[in-house]
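Asker: I would like the entire structure built from these sequences, with the hints used as guidance.
Heads up: the protein sequence lines correspond to chains A and B, in order.
Here the first sequence is numbered in the numbering used here, starting from 1 and rising by one per residue.
Here the second sequence is numbered in the numbering used here, starting from 1 and rising by one per residue.
No lab work stands behind these hints, which were simulated from the structure alone.
Keeping only pairs whose Cα atoms sit at most 27 Å apart, straight-line, the calculated DSS-like set for lysine-lysine is:
#, chain 1, residue 1, chain 2, residue 2
1, A, Lys68, A, Lys56
2, A, Lys42, A, Lys103
3, A, Lys108, A, Lys56
4, A, Lys68, A, Lys103
5, B, Lys13, A, Lys42
6, A, Lys56, A, Lys103
7, A, Lys71, A, Lys103
8, B, Lys57, A, Lys108
9, A, Lys108, A, Lys71
10, A, Lys108, A, Lys42
11, A, Lys108, A, Lys68
12, B, Lys57, B, Lys13
13, A, Lys103, B, Lys57
14, B, Lys57, A, Lys42
15, B, Lys57, A, Lys71
A short, non-exhaustive set of chain A residues, derived as facing chain B with CB atoms under 8 Å:
#, residue
16, Pro44
17, Phe46
18, Lys103
19, Leu104
20, Lys108
21, Gly109
Each pair of labels, with its calculated beta carbon distance range:
#, chain 1, residue 1, chain 2, residue 2, range
22, A, Asn18, B, Thr102, 21 to 27 Å
23, A, Asn18, B, Arg15, 46 to 52 Å
24, B, Thr53, A, Met54, 28 to 34 Å
25, A, Gly16, B, Ser86, 36 to 42 Å
26, B, Thr7, A, Thr10, 30 to 36 Å
27, B, Ser86, A, Thr10, 23 to 29 Å
28, A, Lys68, B, Ser22, 36 to 42 Å
All C-beta atoms, glycine included, are put in the ideal place defined by N, C-alpha and C.
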Amino acid sequence: GESVGLHLPTLSVQEGDNSIINCAYSNSASDYFIWYKQESGKGPQFIIDIRSNMDKRQGQRVTVLLNKTVKHLSLQIAATQPGDSAVYFCAETESRYTGANSKLTFGKGITLSVRP
Amino acid sequence: KAGVTQTPRYLIKTRGQQVTLSCSPISGHRSVSWYQQTPGQGLQFLFEYFSETQRNKGNFPGRFSGRQFSNSRSEMNVSTLELGDSALYLCASSRQGGYGNTIYFGEGSWLTVV
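Answerer: Given below as structure tokens:
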């Protein structure tokens with residue numbers, strides 16, 4: 001089956017630097033994408049989402065970029081802080097599930113480690 | 001407002017037993033979905049309920065089942081537990097499901113099968 005995957009399992013960044021987390025997806029029918037952050041012992045926390053009719057969306061200190069041509073999604077975190085240390089997941093779903101809920105397909109996850 | 005609440009948080013069961021997990025969605029949310037998270041398989045979709053009806057189902061055996069009540073609370077059941085069922089079971093809710101409806105997750109129920 002098709003899946004969403006992440007390029008790197010871990011990412012270490014210096015506090016204050018910008019972080020970029022990448023995600024490749026293989027399902028060309030996917031048109032809604034979400035980034036989640038999961039801290040140890042907790043459930044995934046919604047960060048930001050983007051629809052396929054957009055290329056970029058910004059939130060507070062975060063930006064998601066979508067490149068449908070190469071099926072690539074990225075999450076940019078500005079001025080990374082120690083509290084950003086967590087596992088980050090990208091997830092995707094298709095419009096045919098819009099009448100229903102999010103049958104989300106998740107990537108494997110990437111660990112972001114922030115060095116003080 | 002209160003988030004998605006899952007009970008119990010931790011439980012240990014023996015192979016062959018069955019287990020029921022409970023989820024209370026955020027107030028006003030009518031869509032509830034369940035996911036299984038394991039180190040090997042990551043997060044995998046189990047099923048989703050809206051207005052007491054199952055609308056979507058993932059690729060899990062029939063031992064995994066669920067239901068939703070009229071107050072939107074949901075339960076999932078796993079019968080004839082296997083060691084491989086040990087996982088974090090996550091419940092997620094959204095207002096009505098689908099495109100653009102933010103999906104919020106609970107803290108999960110940690111199931112260990114021995």
